[in-house]
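Colleague: Start from chain A and add chain B according to the hints.
2 protein chains.
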Amino acid sequence: MPIFEAQLEKDRANFEPLTPVSFLRRAAQVVPSHTAIIHGQRRYSYAQFLERSSRLANALAARGIGPGDCVAIMGANTPEMLEAHNGVPMLGAVLNSLNIRLDARTIAFILDHGEAKVLLTDRAFSGVIQEALALIEREPLVIDIDDSESQGGELLGETDYETFIAAGAGAFPAGQPGDEWQALSLLYTSGTTGNPKGCVYHHRGAYLNALGNMSTMELNRESVYLWTLPMFHCDGWTFTWAVTAALATHVCLRAVEPAAVFSSIAENGVSHMCGAPIVMNMLANAPREVKTPFPQTVEIATGGAAPPSAVIEAMEADGFHVTHLYGLTETYGPATVCIPQEDWPALAPQERSSRMARQGVHYGTLENASVKNPDTMEDVPWDGDTFGEVMIRGNTVMKGYLKNADATQAAFAGGWFHSG
Amino acid sequence: MPIFEAQLEKDRANFEPLTPVSFLRRAAQVVPSHTAIIHGQRRYSYAQFLERSSRLANALAARGIGPGDCVAIMGANTPEMLEAHNGVPMLGAVLNSLNIRLDARTIAFILDHGEAKVLLTDRAFSGVIQEALALIEREPLVIDIDDSESQGGELLGETDYETFIAAGAGAFPAGQPGDEWQALSLLYTSGTTGNPKGCVYHHRGAYLNALGNMSTMELNRESVYLWTLPMFHCDGWTFTWAVTAALATHVCLRAVEPAAVFSSIAENGVSHMCGAPIVMNMLANAPREVKTPFPQTVEIATGGAAPPSAVIEAMEADGFHVTHLYGLTETYGPATVCIPQEDWPALAPQERSSRMARQGVHYGTLENASVKNPDTMEDVPWDGDTFGEVMIRGNTVMKGYLKNADATQAAFAGGWFHSG
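Chains as they are written, first to last, in my numbering: chain A, 581 to 1000; chain B, 581 to 1000.
Next up, chain A with everything else stripped away, as it sits in the complex (with noise of 0.2 Å):
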C-alpha cells in the first residue's frame, strides 16, 4: 500500500459526516445564550433552540420515525418550521416542506407520493389540509401547529406540537446521518404541467449551500435575518441552517406584509433578509406611512428574473442593498451570485439591473456552472442573448427526482444538471 494511504484511515477524531445539523450543536455549545431565534413575544436561545429540536426528534422516534422515513410539513415561518429543519434530519428521517399555497388535490399527490408518516400542520392551514388528508388512504400522524402569532383555523390532529415535544427527552439524538450522502430533504418543484417533482436533498449539500450562503451575504454573529422567504422553497435556500451557521439571530414573520416587514427591521435590528422580486416590489410601492425608517443598511437577496430597475434604485433609497442570486429548487436555491463589475456604475440603471441577473458567478461551495449549447454541450457566452442553457455541477445538486429516474437521468445527461 503507497505510504500516504497505509494506516491512515478514516477514524472518530478525524472523520464526520457533513449535515447541517452540526451548525445547531455548534451554535448551542458555543454561544447557548444567544438569542437564536424571534417570533412575536416569543424568544429561544440557542441552547433552548437545540433542545427543542431534539426533544422533536426524540418524540418522533418515539412513535417509531426514524433513518429514511418521511415527515411532512404545512407551516409558516415559524419556529416551529426551524424546530423542523433540524429535528428531523437529526433522526435520519426526510422533512417535506409543502408550499402553503397549493391546492389539496396537489398536497394529497405530494402526501401520497414522498409516503409521509407524520404531518405537522399550522392550524391556519387547516382547511387545504382537511381536504386534502379526506383524498388519500394512507394515514400519518397528525400534530397541530398551534402558533399564538396567528388566528382562525382549526385543531385537526391527534395533537399539537407543545404536547408533543414536550414528551420527547431533550438530550440531542446522536449517530445520524451515518452518511453524508443520506436524504435530508424533500421538495416538490411546482412544475407547469403534469404531476410535481420531488427534488431530493441530501445531508453533504445542505451543508455547503450553507456555508456558501453565509459566506456569499457575509452573515456572522451580529446579524439578524429576517424571514421574508418561506421556508418552504428550498428549505429557505438553505438559510434555515446557514443563519445558525453563523450564530446569527433567525427573526420568524408568518406573512409578508410591508407594515410588518419594516416595523420587524427597525425593532429588531434586521441586517439581512431574502426575498423574490415580488417582495422587493411590494416593498419598494409600500405607502410611506408604513415605511418606518432604520438606520442601518439591510442586505437584501433575490432570486429569479431581475427586478425593474426603478425597484432596485426604489429599494436602495430605503436603505436595502440588494444582491442578486439564481438557483433553482434542484440547487438548493442560490447557486451564483452576481458580482457587480467594475464599469457598472457607469451604465444606465436599466442596463445594470439587467446585467444584474444574468451574469453570475457560481458559489465557491459548488463545482461550476456555465451557459451550454445543449446539443453540442460546449460553453456558450452567458450573456442572456446566445442561446444556450444554464449548466450546474457540483456538490449542491440535489440527489435527483424522487421515485422517478427518468426525469433524474434526463436532467443529469452529460454529467450536468440541465436548469431547463
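Source of the hints: derived by calculation from the structure; they are not laboratory data.
Quick caveat, the model's predicted, so the values are computed rather than measured.
Hints are not guaranteed to be accurate.
Straight-line distance between alpha carbons at most 30 Å, and here's what the computed DSS-like set of lysine-lysine pairs gives [claimed, not checked]:
1) B:Lys952 with A:Lys590
2) B:Lys590 with A:Lys590
3) A:Lys590 with B:Lys983
Modeller: Frame of chain A; chain B shown alone:
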C-alpha cells in the same frame, strides 16, 4: 431499497471530491483578471496563477510524478510557494513544505522519511540544502527557485523553476483527487525530542478549514492578505487556499521585517494578515520611523500563547485588530477562535488578554473541541485553571502521522485528537 436511496446514486452532476484546488479553478473562471498575487514588482492575475500552477503540475507529470508522490519545497513566501500549493495537489501528489529554519540533519531525515521525489528549493537556502542532500542516498529531482526579490545563495539543481514550468502545458490537469480523503500535503512537527512526526493532510480537511478561515476572518474579494505567516507553517494555516477561495489578493513577503511590513500594508491596502505573537511583538515595538501610517484597520490573527496585553494595546493603537486563534499542525492550524464575550470591555487589559488566549470556540467546519480529563474523557471547564487536555474531533484533523501508526493511534485514542 428504501425510496430515498433507490436510483439516487452519486453522479458527476451532483458529486465532486472536495479539494482546495477547486478554489483556484473557480477564481480563474469567475475573476480571471483580478490580481491574485503581488510580489515586489511581480503581479499575477487569477488566470495567470492557475496557468502557472497547471504548468508546474504538467511539468511534474512529464517527469513521472503522479498521485501519492511526494514533492518537497524549501521556500520563502513567494508566488512559487502558492503555485506549489495548487500545482502539486492538482496531480494528486503530496506537497511537503519544509521549515526553512531546520538544520541539514533534520531536513535530510524529512526528505528520506517522506520519500521526496522532487525538491523545489529557493536559492537563498542553498547552503543547508546542499548539506542535507549530501546526507541522503536518494536523489530527488532538484529545481531551483530563483526569486528576483532575493540575493545570495547558489543554484543547485538540474534546472530552475521558470524554465521547468515553461515546458509544462498550461491546461488544468483534471481528474484528481479521485477521493477527497487522498493525501494533500505532509508537514513535520518540530518536536522537542526525537525525530519529527509527519502530519498527513487530506483534501477534504484543507477545503473545509479554508472555508472556516474565510468566514472566521471575513475574507472577501476586496481583501488583501499579507503573508507575514510562513506558508510552511501548516500550509500557511490553510490561508494559502482560503485567500483564493475568497477571490482576494495574496501579497507575498520573503522576510518579516517591520519596515517592509508597514510599507506593504500602506502601499497595497492590506486588510488581513496572520502571525505568531512574536511577530506582533516585533511590529508593536518597531521604531516609530518605520511605522508607515495607513488609513484602514488591519485584521491580524495570531495563535499560540496570549500576547501580553501591552502588545495588543500597542497593535490596536497602530491600526490593527487582533483575533486569537488556536490550533496545531495536526489540525491544519486554526481550530478554534476566541469570541470576545460581552463582559470583556469591563475587564483589566491583562485579564482580557489572558481570556483571549484560553476561551476558544471551535470553527463551524470542525465537529468539536473541548477540554477533557484524559483519564476519564469527561469534559472539564475550559478556563486554563482546571486540569485537562484540549481535545479536538472533526473533518479538519489530519489523516494521521506518516509511517507511524503507534503515534497516530495514541493521538486519536478514544476518538478524539489529543493536543498533548
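Colleague: Hint by hint, say whether it matches the structure.
Modeller: Each hint, compared with the structure:
1. B:Lys952 with A:Lys590: The hint holds at about 22 Å.
2. B:Lys590 with A:Lys590: Answer holds: B:Lys590 to A:Lys590 is near 20 Å, not above 30 Å.
3. A:Lys590 with B:Lys983: holds, 16 Å
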